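**Q** Residues per chain are reported as follows:
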Amino acid sequence: MAVAPATPAYRDAMTGEERKSYSLAELTDRFGGTVLGDAAIRVRQVAPIETAGPSEITFLTNRKFQKLLDSSKAGAVIVGKDATSGAAISCIVCDNPYAYYARVAALLNPEPAAEAGIHPKAFVHSAARVASSASVAACAVVEAGAQIGEHAVVGANCFVGRHAMIGEGTRLHPNVTVYHDCIVGKRVIMHSGAVIGADGFGMAMDAGRYVKIPQIGRVLVGDDVEIGASTTIDRGALADTVIEEGVKLDNQIQIGHNCRIGAHTAIAGCAGIAGSVTIGSHCRIGGSAMISGHLSIADRVDISGGTLIAKSITKPGTYTSVFPFSPHEDWLKNASLLRHLHEMMDRIRSLEQQIKKMEGQ
Amino acid sequence: MAVAPATPAYRDAMTGEERKSYSLAELTDRFGGTVLGDAAIRVRQVAPIETAGPSEITFLTNRKFQKLLDSSKAGAVIVGKDATSGAAISCIVCDNPYAYYARVAALLNPEPAAEAGIHPKAFVHSAARVASSASVAACAVVEAGAQIGEHAVVGANCFVGRHAMIGEGTRLHPNVTVYHDCIVGKRVIMHSGAVIGADGFGMAMDAGRYVKIPQIGRVLVGDDVEIGASTTIDRGALADTVIEEGVKLDNQIQIGHNCRIGAHTAIAGCAGIAGSVTIGSHCRIGGSAMISGHLSIADRVDISGGTLIAKSITKPGTYTSVFPFSPHEDWLKNASLLRHLHEMMDRIRSLEQQIKKMEGQ
Amino acid sequence: MAVAPATPAYRDAMTGEERKSYSLAELTDRFGGTVLGDAAIRVRQVAPIETAGPSEITFLTNRKFQKLLDSSKAGAVIVGKDATSGAAISCIVCDNPYAYYARVAALLNPEPAAEAGIHPKAFVHSAARVASSASVAACAVVEAGAQIGEHAVVGANCFVGRHAMIGEGTRLHPNVTVYHDCIVGKRVIMHSGAVIGADGFGMAMDAGRYVKIPQIGRVLVGDDVEIGASTTIDRGALADTVIEEGVKLDNQIQIGHNCRIGAHTAIAGCAGIAGSVTIGSHCRIGGSAMISGHLSIADRVDISGGTLIAKSITKPGTYTSVFPFSPHEDWLKNASLLRHLHEMMDRIRSLEQQIKKMEGQ
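Chains as they are written, first to last, in the numbering used here: chain A, 42 to 402; chain B, 42 to 402; chain C, 42 to 402.
Isolated chain A, as found in the complex (with noise of 0.2 Å):
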């Protein structure tokens, strides 16, 4: 079983599928921009501008890699309104490259539609409802009450709790879990292993045990919505956890009971939002931070990587809270000081005491 190059020639080839392919001037009656050059050339692959060859397309978004676009075989690149041009190669003009390709790239790459229908090895309750065009695969589990939109494709071995409603053309990949109640609006794309409405870490201590607080809210996730592998979303425990929609997030992120994320903000991979956090619109959250719980967070904020946020944040901005790394041993030398901050910051105090002495005499 000798692995293959990973050649989009080799994808054609294991799926066995002839792909479509797109003149340049089809391509911008569909997602506008201009041609520069032959708006005939056909392309049906999107590939990086350094193995792309003539049948496939590429993209250009920034003007230091100008240089590559030399060299390059593709058939055609995108560019932006400031790229040089005198490029021989055929160019898209458009607002925003980037964009654009993933325009470009969705249409070339199609994914599969799934089967309407229920598989006969699925389960999906008598009381529940799923629309004609829905998918739901095999192993799936379905339970009553339950409502899977049009064009909804529920994923092998994943599981719709009772009255849990899936929006219109939602997409949950196996081993996806939605408990009950919970809403997931259009065209949502859940990774494997996501599980929304799980019971918030909500109890109370009494005489030396905990007494569970039931979790008797719900997960409301607004269209447009991706989830990652592994991510989880906690159920409210009075009110409801609400993800806004346009929301991005990556894997294995925790979000807390009663959290609302403001739409269109996007979380990288193992940030943890603790419960009740409230986060603005258009926030950019970088892998593996956490935001204590109650905090608000403006829109518009950046968090680094790794940075804990433990008191809100009103103002849009960068914020960090990082300790650089350096060799084992220059860190040891300089953490053992972290313990002594204090003690430092006394001895300048003491310092310039006897200097402002010395100069008084």
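A couple of the hints might just be wrong.
The list cannot tell twin chains apart, which means a pair is met if one copy fits it or any two copies do.
As the list claims (entries may be wrong) - With a Cα cut of at most 25 Å, we get these calculated DMTMM-like pairs of lysine to aspartate or glutamate:
hint, residue 1, residue 2
1, K352, E370
2, K397, E156
3, K397, E384
4, K253, E393
5, K253, D123
6, K253, E209
No lab work stands behind these hints, which were simulated from the structure alone. Treat the numbers as computed from the prediction; the structure is a model and nothing was measured.
Given chain A, put chains B and C in place with the hints provided.
**A** Only chains B and C this time, still in chain A's reference frame:
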């Protein structure tokens, strides 16, 4: 698929069930405490103090929110013994309002009973023993020699390995994995994606390649433990990994092989406990905290969120190692100096010597 | 359901199997090394030095534990060539006692063979190829074009996507997800909850909304890799994500799209590797470590647990960025000064100038 407001009324409408109501007298009969006001008032749901209506009961744990009571439309409120009387609203007075609230909330929101029996789309090995009152849901798999106790629930798509035991009244939510030979106590709750008993991370380096150390211990989970979504607890290498009774684990926690987590310890989301760590009882470990391998943590230790513990802790108390966050530009200025602390200290020492010398002149 | 003691005897009783025993001579025939003492002694299980009984074999990797040998009741012990002789107990002397122990433990604890064939409650697409000696367990799903190699095991509730390949002798524990087109080598072990090939976190911002970048690369997993529970490895955006042979990944690790992890590198639990990171071979990455995107880490680099790497590392060595923990009150005093390091440095500089001036007088 519009999102209905998250009111209990909504939820009632969804399920079509008439929710049972209780008078304050019935509640105090059941849970203790005394009624101040009209003991005949009936409540049917819990709600936050700001939104609670006449058929709902709320609670007050902090005197600073007392003011909210005056404007609350709640049918009743659970308060502590120190609450100022005089509110127009009827009260249940008790020692621990939050725990009392938890019990009332559980009474008013009973979990729908799982249907006893083995779903026809589950697979239970003929050499497994499933109690007659237990429930094994669709697409769950129970292997040879496994035992499922009375009233236990094995959710959809769960896996219970050979010779594993699931105690009385324990509930595995969908998509939980319990590996072979692991033993889970009574009334345990495991959320979706939890993995109990995967191999610990043990290997020996030999001539440039790792040799796997077989992990032949088990995981033992005590009674009344709760395990969050996507939390993983590795089986022991030789001896067992032990989670003592009443431990509460949030989501996405990793517990390495041969750990022992003491009774009634709570660990928040995303914490990582390396192998062979012993944690005492009644500890509280914050979110994203990390504990290095082979350490020992005393009883009643609190560890702050995001803190890395690299030495054993022998005394109760709170321990912290968080780098405080700041706007990125401020952080840049200060963080760069962290690598020069040792040098700063040297310069302070040298200043002290110079001054000593000057004073000596 | 009382918890029986975790002795091998218990486990034997549970499975009802008579465990096979081996003489020390048989072991050295198989694995090398030499016997000191009685080569006819038979052992049937491995055990820690403190609890091992006469039918058990233990090991000693550190001379400082030599004393334990005197009181040990073990039937035999595996020791290094530097071990002091004289113990009453029979020894196998070898170069690498820990690796030797690993091999003996594997011999004495063979994994029960999975039954070859496709379980009637699994679903295997008619256009998938499953080798005749492979095992596909209950409620597993194998899609069109997928290939399952000889002696491979696809556990219960696993998903293998279209055109994915699972190599010879590879074992997917229950609830593992392998997305379409991913290629998994030989003798790979994947633990429950692992997700291979979910989409990388790629999107372009366009007029306030994110546009998804299709992720059309694959994940390639080399031979002899082990992947822990709930570890997620994203597929490449254009090129592939590559895990080279012999890599060992613990639980809950996130590996972003387009990473390449070098051969025989080991990564401990909860580590987060952002996208497009290249890690060399024979590295050791500690638990909860984080590596920022697009970095390159040389061969044989060790990164301490909890360390965030934000710059490429070109030289072997150990690197650390941990803030040392302390009792909370001490931390408060010192942490507040971290935001004033720059100011402390300014004050030191100013003191130096004053003294220089005074000395110049």
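**Q** Hints numbered earlier in the text: which of these fail when held up against the supplied structure?
**A** 2 and 4
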